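Sequences listed follow chains H and A, in order. Mind the numbering: the first sequence is residues 5 to 336 in my numbering, read in order. Mind the numbering: the second sequence is residues 5 to 336 in my numbering, read in order.
These aren't lab readings, by the way, just hints derived from the structure by calculation. Please note that a few of the clues may not be correct.
Because identical chains cannot be distinguished in the list, a pair is counted as satisfied if it fits within a single copy or across any two copies.
[What the hints assert, rightly or not] The calculated lysine-lysine pairs, modelled on PhoX-like cross-linking and capped at a C-alpha distance of 25 Å, are: (1) 259 - 141; (2) 141 - 255; (3) 166 - 299.
Here the structure is a predicted model, which means the values were calculated and not measured.
Take a look at the letters that make up each chain.
Number of protein chains: 2
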Amino acid sequence: MQDYLLSCDWGTSSFRLKLVDTLHHEIINEARSDRGVAIIFNRWNTADKENKLISLEHAYLNELQQNIQAISDKVLFDIQDVPVVISGMASSVIGMREVSYTPLPFPLDGSGSTVECIYPTLQCPHKIYLVSGVCSKMDVMRGEETQLIGLASMRKDIYTAKKILCILPGTHSKHVYINQGSIIDFHTYMTGELFNIIAHQSILKDAVFGDRALTELSMSQTDAFRCGIHNSQDSNLLHALFNVRINHLFKLLTKEDNFYYLSGLLIGSELNELSKRANGRIVLCSESNVNTLYKQAIQYLDMIDGTFLIDANIMDNAALEGHIKILHYQID
Amino acid sequence: MQDYLLSCDWGTSSFRLKLVDTLHHEIINEARSDRGVAIIFNRWNTADKENKLISLEHAYLNELQQNIQAISDKVLFDIQDVPVVISGMASSVIGMREVSYTPLPFPLDGSGSTVECIYPTLQCPHKIYLVSGVCSKMDVMRGEETQLIGLASMRKDIYTAKKILCILPGTHSKHVYINQGSIIDFHTYMTGELFNIIAHQSILKDAVFGDRALTELSMSQTDAFRCGIHNSQDSNLLHALFNVRINHLFKLLTKEDNFYYLSGLLIGSELNELSKRANGRIVLCSESNVNTLYKQAIQYLDMIDGTFLIDANIMDNAALEGHIKILHYQID
């Protein structure tokens, strides 16, 4: 039943499975959870010996099959023969099975992905294509390369462009240099993760309160966010972060606004160098969750004229489009 | 009994109480614990209503009196009339009693400290002098100003110097500008706290292992530390931090060495601007715990010729010397 595909994006802290009609590129049904690779691995790793009798791969297959079953229960046809394509951290050393990184340059037509086949078993009667990530000499990614394959398949201008920089915001933001259909270099920024641990684990946790995924900011939140971006540009980050405490101690900002000041400091730091040497060929490829913030930041940093904005809905579906392309090369 | 003093340095995460002979500047006995202000406040704050019948101040006085008693049990004379001087976070909003910051400029002879007296009670039969901190327009400190009073009393060259920058490393490092016996400005850097949360709470926790307080580094630890400093100088910190993961994934460094690479990245970032505009008047005022690392960093950044190094033993006693000076002004 090659007209369907189970597209799975299994990240560090999230699990997304979509049953897709590959002819019409339509999502038939989906399952989501926060049971990312970190949770599955940690539960397995800390289980007592008795429960550890199942292998780590087995634990992942159980989790996957439960989600496939949940989707199967909601559709009227049998999906037992539908292949599964998985990208993200599931191919890492703490994932389902470790698959080596593909070195650069990496073609974005889906032909260059390193894919490990896991054959159907009683436990999980689906053929699984486990897609690996990409490495440069001093960096790695797992998942974003597949999103970029999907993006390039939807946007031919991205696929054919010369020397563009795609920004994929996230827990570990990726700045990916693409030239004529290939990834030629990339850099990781720990923006999202730093934000999370600073906002929840540091002394600053008492100075901020909020939800980073808001799609619309109030006037005062916008002002605070811009103030954070501004202060990030010429200031040492280790010092600028203490401003978050001062804003609170001196009652300069509410906790709700201060949350966006902190976000502005970190996103501003990530984009700092780009704003100084922007060359008009930046593409913002943000999923819905932080799209508003990155767009605001790029506007405030006067980079908007040289930046192409990819619609967040397109990025939300980029992984599954990448899976369709990759599967095409595996089957033909 | 004014020839003795109970000198208390009560920080966010540590408690140090010393019985001092103020004539000979000798420590007779001392008590230390990790029961800093954060622990005392959080335990009180989360206690059920019944236990909360005692006030926060009462909870602090109980803790203090237990430590005084422990010292009293170890000396042969009665210390009931010995006054207590407390500096650090104990005067903050989550401390024993909030005392307003003293604004800049702040004289280092002990005459300018804002001090709140807490009179003897049955619960704690000692007169307590609670020393407040200092604020600039956009920064605050509690404790370091008292250490600097102590340092200035031991080192007249520091007290009389024109325009020097004292670096006090720590959880929140302070860079303090001093001119002719007064603090005229200062900046906080969250170096130590960022190190702790990154090394213990982030994805990088699996890539590092070690003890930051080592007094002697191995050859490979030194190399890794220097490599971290080097990479911090021209690199975006949010990106450079991901190198810690790469060092581990690509087996470039052991976890033990990688720990010092991370430390080098952060200390290097803190000192980054100074190395670029060093003007020969820097004074490193580090306590023993991180003295080795900051000295190494200053050497590696070619700032050693323009830097005065204060002996770590002097800094370990700076708070108590500050307390002697401050008490002098309170009693005379």
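Now the hints, each set against the structure:
In this homomeric assembly, residue 259 and residue 141 come within 25 Å of each other (Cα to Cα) only across copies, at 20 Å, whereas the closest approach inside a single copy is 41 Å. In the homo-oligomer, the alpha carbons of residue 141 and residue 255 lie at most 25 Å apart only across protomers (13 Å), although the nearest pairing inside one protomer, at 46 Å, exceeds that limit. Taking CA atoms no more than 25 Å apart as the test, residue 166 paired with residue 299 passes inside one copy only; the shortest distance there is 23 Å, against 47 Å between copies.
Every hint, counting from the list given before, is met by this structure.
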